[in-house]
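Undergrad: Produce the complete structure using the sequences and hints provided.
What follows is the residue order along each chain.
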Amino acid sequence: MISLQVVKARSLLKSSLSKRRRVRSQRLRRLLTFLKRFSLFFFTRPRAPFLKSDGVSTMRATGLTIAISGIVAVTIAACSSVGSTGRTGDLGHGVFYYQCQTDQDPICPEGSTTMQGCARTSANPTGVQCFPSSVAVGGRFRIQYAPNGSAEQVGNPVLRTVSGDYMSALGDGSFKALKTGYVGIYSQSTVDSTLVDYTLVKINPISALRISDTTTKKAVPTNILLTRGASAAYKIAAFDSNSQPLAGAIESFVWETSDARTVALQDEPHTATMHVSAVAAGSATLTAYADDSKTVKATFTITVQ
Amino acid sequence: MMKRALLLASFLSSVALGGCAPSYSHTDISQVSTNELPGTVTVPRIQVTQGGIVTAHIAPFNSDEKPMVGDVVSQDRSILEVQRAYGDKNYAFLGIKPGTTHVEFRADGVTVAIIQAEVTAQTTR
Numbered sequence: 001m002i003s004l005q006v007v008k009a010r011s012l013l014k015s016s017l018s019k020r021r022r023v024r025s026q027r028l029r030r031l032l033t034f035l036k037r038f039s040l041f042f043f044t045r046p047r048a049p050f051l052k053s054d055g056v057s058t059m060r061a062t063g064l065t066i067a068i069s070g071i072v073a074v075t076i077a078a079c080s081s082v083g084s085t086g087r088t089g090d091l092g093h094g095v096f097y098y099q100c101q102t103d104q105d106p107i108c109p110e111g112s113t114t115m116q117g118c119a120r121t122s123a124n125p126t127g128v129q130c131f132p133s134s135v136a137v138g139g140r141f142r143i144q145y146a147p148n149g150s151a152e153q154v155g156n157p158v159l160r161t162v163s164g165d166y167m168s169a170l171g172d173g174s175f176k177a178l179k180t181g182y183v184g185i186y187s188q189s190t191v192d193s194t195l196v197d198y199t200l201v202k203i204n205p206i207s208a209l210r211i212s213d214t215t216t217k218k219a220v221p222t223n224i225l226l227t228r229g230a231s232a233a234y235k236i237a238a239f240d241s242n243s244q245p246l247a248g249a250i251e252s253f254v255w256e257t258s259d260a261r262t263v264a265l266q267d268e269p270h271t272a273t274m275h276v277s278a279v280a281a282g283s284a285t286l287t288a289y290a291d292d293s294k295t296v297k298a299t300f301t302i303t304v305q
Numbered sequence: 001m002m003k004r005a006l007l008l009a010s011f012l013s014s015v016a017l018g019g020c021a022p023s024y025s026h027t028d029i030s031q032v033s034t035n036e037l038p039g040t041v042t043v044p045r046i047q048v049t050q051g052g053i054v055t056a057h058i059a060p061f062n063s064d065e066k067p068m069v070g071d072v073v074s075q076d077r078s079i080l081e082v083q084r085a086y087g088d089k090n091y092a093f094l095g096i097k098p099g100t101t102h103v104e105f106r107a108d109g110v111t112v113a114i115i116q117a118e119v120t121a122q123t124t125r
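Respectively, the protein sequence lines represent chains A and B.
Quick note on numbering: the numbering used here labels position 144 of the first sequence as 144, and the sequence is numbered without any gaps.
Quick note on numbering: the numbering used here labels position 117 of the second sequence as 117, and the sequence is numbered without any gaps.
For the record, the hints were derived by calculation from the structure and aren't laboratory data.
Every residue gets a Cβ at the ideal spot worked out from N, C-alpha and C, and that includes glycine.
Mixed in with the good hints there might be a few duds.
Unchecked claim - Derived BS3-like pairs (lysine-lysine); straight-line CA-CA distance at most 27 Å: (1) B/Lys-97 / A/Lys-176; (2) A/Lys-217 / A/Lys-294; (3) A/Lys-176 / A/Lys-294; (4) A/Lys-217 / A/Lys-297; (5) B/Lys-89 / B/Lys-66; (6) A/Lys-202 / B/Lys-97; (7) A/Lys-294 / A/Lys-202; (8) A/Lys-179 / B/Lys-97; (9) A/Lys-218 / A/Lys-294.
As the list claims (entries may be wrong) - Per label pair, the in silico range of CB-to-CB distance: (10) A/Ser-243 / B/Ser-30: 33 to 43 Å; (11) B/Gly-87 / A/Ser-293: 38 to 48 Å; (12) A/Glu-256 / B/His-102: 51 to 61 Å; (13) A/Gln-153 / B/Thr-42: 28 to 38 Å; (14) B/Ser-30 / A/Pro-269: 51 to 61 Å.
TA: This is the structure:
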């Protein structure tokens, strides 16, 4: 009896939550429609009455029009930017968003979970390309899915991978790429388990590494000068055979110093970002490897003065 | 004698009525999506690449050209998984691992076709 009441209470809570979500989205749509109509009215209405009035009224009216247009533009941009930084699913029912899980993912700037340059700009007006073209073998990342208006009553879709040979699902939208190739990630309705949408993710092996200075954000030259006692941080970025950046947090990176008495590594060696300290005068070569096989690497020398 | 005649008449009428009832006629299949990984869903054969998804609209009809309640079931879900996709009578075919199996097309709960299905390995690109 008690369990029946608990089930009833849960279903009531679920339905009230989904109702709230629907009401919220309806309100937002109504607001957008109102603002669009309002701006259209000001843009298309005849200007004659303003022109007939005195100069002050004309200026006030023009100012009001500009202000309202500004508000409308900002509102529309803010709302659409949510859907502009992902990739539309192959079935067109929503958008898949890529998220860097940790700072170990070189595709995102430090401290950010989204890719660099994904904000809607004049150079990138649609922003739809803001989903990595490929992820590295061994890379971990998170995907989120947001259904659009064409998909109703799908609940909060869960994300799954088609083949565990290519990608493992770690739960909560997290995945780990395992093998070179393509693999589908699909969203599944939590209401009736239907497949709502999907996207293919390309997985590539790491073919090249580049090291950049985390302060200057520029690629490190072959030789760097550091004063004794100074410290610096360097970050590895992974690339495929076409020099395209690879996404995914890589745990297999390995750092080595040729002389720890001259340049010491301050972090554990399996990291994308390495902090180093200049201990004593001399020079040491820093080498970053893609993994323990040490076949793909990048090196540079630090001279301590 | 009268009883026998009545029984025969009722049997004949039930046979006649049964014969007039619409039965399964055909299944319409139209592929909805394709992508970088090749895949096809047709009546003679279903082919999906491992890791890939192919969606198709599969609708059975009876002899009166009226839609029937359809279902599509994979005989080996560890090779090929079939899921209902968003939209009426849409199905998604998921290539789990390379191998062959069969897919059953059902109309009003009755299996009307068994189709050979293959999940192929990805070719190195």
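Undergrad: Take the hints in turn and mark each one as holding or not.
TA: Now for the hints, and whether the structure bears them out:
1. The hinted pair formed by B/Lys-97 and A/Lys-176 meets the criterion: a straight-line CA distance of about 18 Å does not exceed 27 Å.
2. Using a Cα cut-off of 27 Å, the hinted pair A/Lys-217 and A/Lys-294 holds, with the two alpha carbons roughly 25 Å apart.
3. Note on A/Lys-176 and A/Lys-294: the hinted pairing holds, with a Cα-Cα distance of about 21 Å set against a maximum of 27 Å.
4. With a C-alpha separation of about 19 Å, the suggested pair A/Lys-217 and A/Lys-297 falls inside the 27 Å cut-off, and the hint holds.
5. Taking the CA atoms of B/Lys-89 and B/Lys-66, the gap is about 14 Å. The hint holds against a cut of 27 Å.
6. Under the criterion of a C-alpha separation no larger than 27 Å, the hint pairing A/Lys-202 with B/Lys-97 is consistent with the structure, at around 17 Å.
7. For the hint linking A/Lys-294 to A/Lys-202, the alpha-carbon distance of about 24 Å falls within 27 Å, and the restraint holds.
8. Restraint check for A/Lys-179 and B/Lys-97: satisfied, since their Cα atoms lie roughly 13 Å apart, inside the 27 Å limit.
9. As the CA atoms of A/Lys-218 and A/Lys-294 are separated by approximately 24 Å, the hinted pair is consistent with the 27 Å bound.
10. The given range of 33 to 43 Å is respected by A/Ser-243 and B/Ser-30, whose C-beta atoms sit roughly 40 Å from each other.
11. The given range of 38 to 48 Å is respected by B/Gly-87 and A/Ser-293, whose C-beta atoms sit roughly 46 Å from each other.
12. A beta carbon spacing of about 54 Å between A/Glu-256 and B/His-102 agrees with the range 51 to 61 Å that was offered as a hint.
13. Distance hint for A/Gln-153 and B/Thr-42: a CB-CB separation of about 31 Å, consistent with the stated range 28 to 38 Å.
14. For the hinted restraint 51 to 61 Å between B/Ser-30 and A/Pro-269, the CB-CB distance of approximately 55 Å keeps it satisfied.
Comparing the model with each earlier hint shows no violations; every hint is respected.
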